[in-house]
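Asks: Go by the hints and put chain R onto chain X.
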Amino acid sequence: GENVEQHPSTLSVQEGDSAVIKCTYSDSASNYFPWYKQELGKRPQLIIDIRSNVGEKKDQRIAVTLNKTAKHFSLHITETQPEDSAVYFCAANAGGTSYGKLTFGQGTILTVHP
Amino acid sequence: NAGVTQTPKFQVLKTGQSMTLQCAQDMNHNSMYWYRQDPGMGLRLIYYSASEGTTDKGEVPNGYNVSRLNKREFSLRLESAAPSQTSVYFCASSEALGLGTEAFFGQGTRLTVV
Chain X
846 GENVEQHPST
856 LSVQEGDSAV
866 IKCTYSDSAS
876 NYFPWYKQEL
886 GKRPQLIIDI
896 RSNVGEKKDQ
906 RIAVTLNKTA
916 KHFSLHITET
926 QPEDSAVYFC
936 AANAGGTSYG
946 KLTFGQGTIL
956 TVHP
Chain R
2 NAGVTQTPKF
12 QVLKTGQSMT
22 LQCAQDMNHN
32 SMYWYRQDPG
42 MGLRLIYYSA
52 SEGTTDKGEV
62 PNGYNVSRLN
72 KREFSLRLES
82 AAPSQTSVYF
92 CASSEALGLG
102 TEAFFGQGTR
112 LTVV
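For the record, the sequence lines run as chains X and R. Sequential numbering of the first sequence, starting at 846, is according to our numbering. Sequential numbering of the second sequence, starting at 2, is according to our numbering.
Chain X on its own, in the form it takes in the complex (with noise of 0.2 Å):
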């Protein structure tokens, strides 16, 4: 099955400063790659996220690439705030029959200082 690596486990940056967070993944059928964040205590939600026919997708303040070669993609939050302070996954769908399935990576829990 589908297995999705994503480091660093932790992030600490100072407010304004840019954060890169960083997944791998195994299934080459994968074509699906969402990102999550979830606040103490609150559910996951959708960030943004990639399908594998493009190669970056960027909304305000946060981009995502992806190298389906490599198999690897990136989170990417510029001018850090202290609001983006949360933990953060990646996931991937798994591929085959089963595409709405998603693997998530371990998370990487950012910290924003002000």
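Accuracy of the hints is not assured; some may be wrong.
Said to hold, decoys possible - Okay, derived cross-link-like pairs now, DSS-like style, lysine-lysine, Cα gap no bigger than 25 Å in a straight line:
1) R:Lys10 - X:Lys882
2) X:Lys916 - X:Lys902
3) X:Lys867 - X:Lys902
4) X:Lys867 - X:Lys887
5) R:Lys10 - X:Lys902
6) X:Lys867 - X:Lys903
As the list claims (entries may be wrong) - Covered stretches of chain R, going by a simulated chain X footprint (3 or more residues, C-beta under 8 Å):
7) 15-23
8) 107-114
These aren't lab readings, by the way, just hints derived from the structure by calculation. Yeah, the Cβ is synthetic: ideal placement off N, Cα and C, and Gly gets one too.
Replies: Structure of chain R alone, referenced to chain X:
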């Protein structure tokens, strides 16, 4: 729309007791999922239901059973709870299996088995 609703929000069980976690969605989604979240391990899929009338095992199904009661409802049952099942449980739903689409999560159930 309420989205995905889980009950209960908190539960304490004694080892060997049984319980059912309830989940309902009002977004007319075909696919529903149960995940568990443990520190440092991300979200791991327990069971999923691609469509009404079907269920399949995920990554960590042992000790659990599920029922897809109708298109809206997907329940998770612990027949004989064990301390290793102490976790936060999330139900999720998505539009369709076979497409890469956003998974919407419930608010979670924090379960402690003593």
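Asks: Decide if the proposed pair is consistent with the structure: Lys916 (chain X) and Lys902 (chain X), CA atoms, cutoff 25 Å inclusive.
Replies: Status holds; Cα separation ~16 Å.
Asks: With the threshold set at 25 Å, check whether the alpha-carbon distance from Lys867 (chain X) to Lys887 (chain X) stays at or below it.
Replies: Roughly 23 Å between the alpha carbons, so the hint for Lys867 (chain X) and Lys887 (chain X) holds.
Asks: Lys867 (chain X) and Lys902 (chain X) were given as a pair; does the straight-line alpha-carbon distance stay at or below 25 Å?
Replies: 15 Å, holds
Asks: Given the hint that Lys10 (chain R) pairs with Lys882 (chain X), test it: the Cα-Cα distance must not exceed 25 Å.
Replies: This hinted pair holds, its Cα atoms lying about 20 Å apart.
Asks: Are the Cα positions of Lys867 (chain X) and Lys903 (chain X) separated by 25 Å at most?
Replies: 16 Å, holds
Asks: Mind checking the alpha carbons of Lys10 (chain R) and Lys902 (chain X) for me, to see if they're no more than 25 Å apart?
Replies: Since the Cα atoms of Lys10 (chain R) and Lys902 (chain X) sit roughly 35 Å apart, the hinted pair is violated (cutoff 25 Å).
Asks: Does the stretch 107-114 of chain R contain three or more residues whose Cβ lies closer than 8 Å to a Cβ of chain X?
Replies: holds (count 3)
Asks: Three residues minimum, CB to CB under 8 Å: does the stretch 15-23 of chain R make the cut for coverage by chain X? Let me know.
Replies: Coverage by chain X is violated here, the residue count being 0 at a Cβ distance below 8 Å.
When the structure is compared with the earlier hints, violations turn up for hints 5 and 7 and for no others.
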